[in-house]
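In order, the protein sequences belong to chains R and L.
For the first sequence, the positions run 1 to 463 when my numbering is used.
For the second sequence, the positions run 1 to 73 when my numbering is used.
Just so you know, not all the hints are guaranteed correct.
[Said to hold, decoys possible] Derived Cβ-Cβ restraints for the label pairs, each shown as a range:
1) 28/L x 280/R: 37 to 45 Å
2) 91/R x 5/L: 18 to 26 Å
3) 426/R x 18/L: 19 to 27 Å
4) 28/L x 91/R: 32 to 40 Å
5) 426/R x 43/L: 35 to 43 Å
[Claimed, not checked] Anything over 10 Å on all C-beta distances counts as not near chain L; from chain R, calculated:
6) 41
7) 73
8) 101
9) 258
10) 308
11) 346
What the hints contain is simulated information worked out from the structure, not anything from laboratory work.
Ideal placement from N, C-alpha and C gives every residue a C-beta, glycine not left out.
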Amino acid sequence: MNPEELLYLDITTLGRLYRTRAVSPVEATLAALDRIERCQSKLNAFITLLREEALAQARRAEADFLAGIDRGLLQGIPISLKDIFDTAGIRTTAGSPHWRERIPTHTATSAQRLLDQGAVLLGKCNLLEFAYGIVHPEFGQCNNPWNLQRTSGGSSSGSSASVAAGMGWGSLGTDTGGSIRIPAAYCGVVGLKPTYGRVSRYGVFPLSWSLDHVGTLARTVEDTAILLGVIAGYDPLDATSSRESVPNYRESLEGGIRGLRVGVLEQHMNHPDLRPGVAEATWQAVKELEALGAVLKPIDIPSLELADAAMLIAILPEATAIHERMLREAPEKYADMTRQQLELGALLPAVDYLRVQQFRTRLLGEFLEAFREVDVLVNPCVAFEAPAEDPVVAAGEGSDEARRTGPYNLTGLPAVSVPCGFGPAQMPLGLQIAGAPLAEATILRAAYAFEQSTGWYRRHPAL
Amino acid sequence: MREVKVDAQMTGLLARLAGYELFPERCSRLSPEIGWILKEAARIGAIDWTGVEPANVFNPGVWQTGGGKNHLR
Chain R
1 MNPEELLYLD
11 ITTLGRLYRT
21 RAVSPVEATL
31 AALDRIERCQ
41 SKLNAFITLL
51 REEALAQARR
61 AEADFLAGID
71 RGLLQGIPIS
81 LKDIFDTAGI
91 RTTAGSPHWR
101 ERIPTHTATS
111 AQRLLDQGAV
121 LLGKCNLLEF
131 AYGIVHPEFG
141 QCNNPWNLQR
151 TSGGSSSGSS
161 ASVAAGMGWG
171 SLGTDTGGSI
181 RIPAAYCGVV
191 GLKPTYGRVS
201 RYGVFPLSWS
211 LDHVGTLART
221 VEDTAILLGV
231 IAGYDPLDAT
241 SSRESVPNYR
251 ESLEGGIRGL
261 RVGVLEQHMN
271 HPDLRPGVAE
281 ATWQAVKELE
291 ALGAVLKPID
301 IPSLELADAA
311 MLIAILPEAT
321 AIHERMLREA
331 PEKYADMTRQ
341 QLELGALLPA
351 VDYLRVQQFR
361 TRLLGEFLEA
371 FREVDVLVNP
381 CVAFEAPAED
391 PVVAAGEGSD
401 EARRTGPYNL
411 TGLPAVSVPC
421 GFGPAQMPLG
431 LQIAGAPLAE
441 ATILRAAYAF
451 EQSTGWYRRH
461 PAL
Chain L
1 MREVKVDAQM
11 TGLLARLAGY
21 ELFPERCSRL
31 SPEIGWILKE
41 AARIGAIDWT
51 GVEPANVFNP
61 GVWQTGGGKN
71 HLR
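With the hints as constraints, model all of the structure from the sequences given.
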């Protein structure tokens, strides 16, 4: 098997090859590390590469297989983490000079769950500074594997780019307004933001307490289901984590979507911000769902138009409160636009922030009403293909970028972006599928049916 | 609906209230942004909120039964 074929296997197939001794975890890890080292100067997807540590973990996984020890589907599978997930003893920078040499003493729960199953940690991925809207010049932009002149998107930029480029079999990211789903759409991979509280956020530096979610980036829906199954579940270290039991997401993928009620969010499908080609590709995707037996229904969410502003008014002061000490003591260490966004957060009246919390309850009510009539909601994940640079959060293009993803952070509902084709500039596009609270199994089943029918996941960037 | 007009001087005053001293140049850069955000906030505030929602704060806990410790480091 040539390295390219190996690197683009899915987790299940790679695992099968491990268990039949056709491939070893060390081989797969070496292939991924070589790939990273060859592409790092082009993509800048990693901040910290853990070559020796990864090989040691791979050797342990191999020894375990030989000894008959099988910890689960992720044993020996190379993965990465957005560099905002604490990893004990390993530098965690959050993409900022504030934390240039920060070494945490604990590992984030979600990351630890992957490692407990024997996953191999390749490295820590590049991101927008503190998962907020902008790249810090010291760390540099992560480029898009499909076109190096464009951004991979953010804030989980390196996680998305690395998975798209065959540098590992999955990554964990965070999503506060779209920071998993947007780069997933831009890079042609699957990006999942689960229900608020489905995955522990312990050990992940916050951007916004009420909007942050931990989620996954992977090349296929099945890989996504596997990763989610490992990281989801109650964590006593995270007061917001849910005690609801974790279903077997992987087993729930099969069965098709005949009769599935698909709500088409027309306000987002027909919005004037959609660039040429995006609406067409999304409507094509929606028709594909219908061809697979889904029943389409137009859906209107009355308060959706105010969601853009609500996002900003929720996120700005929360981020500022979190960063207050660093902002007061060393504002110059931030990238200028990060600093500007943090300063803006200090200027908002408390009444406006509280009113937005009321608004979120209303918005959630409207979505839950919609989910009485449909099983999932669909729309384009982003209004455009990956731009040259990440747009600023508090500005026109920033609002356009997060318009379709932000409402699911405001409401805490699960949403996944799955590749749905390419735009006029030959850059990937994503179809967003959202669901009711804790309905990850349903949205993943819809995404899986679509993915298997269209085959977009088989296309990879030429690097 | 409330009227919102924000200039650089007002931005500087708002920042000072929050305990930040910003140079005039920064205030000039921030004022259009904060002006836009406050205008949008006014639109949300203008919705008829009287006796509509029983809960006045966002509560995703409706589908959660969590309750562990929150470790601060």
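We went through each hint and held it up to the structure:
no.	hint	result
1	28/L x 280/R: 37 to 45 Å	42 Å, holds
2	91/R x 5/L: 18 to 26 Å	47 Å, violated
3	426/R x 18/L: 19 to 27 Å	46 Å, violated
4	28/L x 91/R: 32 to 40 Å	38 Å, holds
5	426/R x 43/L: 35 to 43 Å	39 Å, holds
6	41	34 Å, holds
7	73	26 Å, holds
8	101	17 Å, holds
9	258	27 Å, holds
10	308	8 Å, violated
11	346	4 Å, violated
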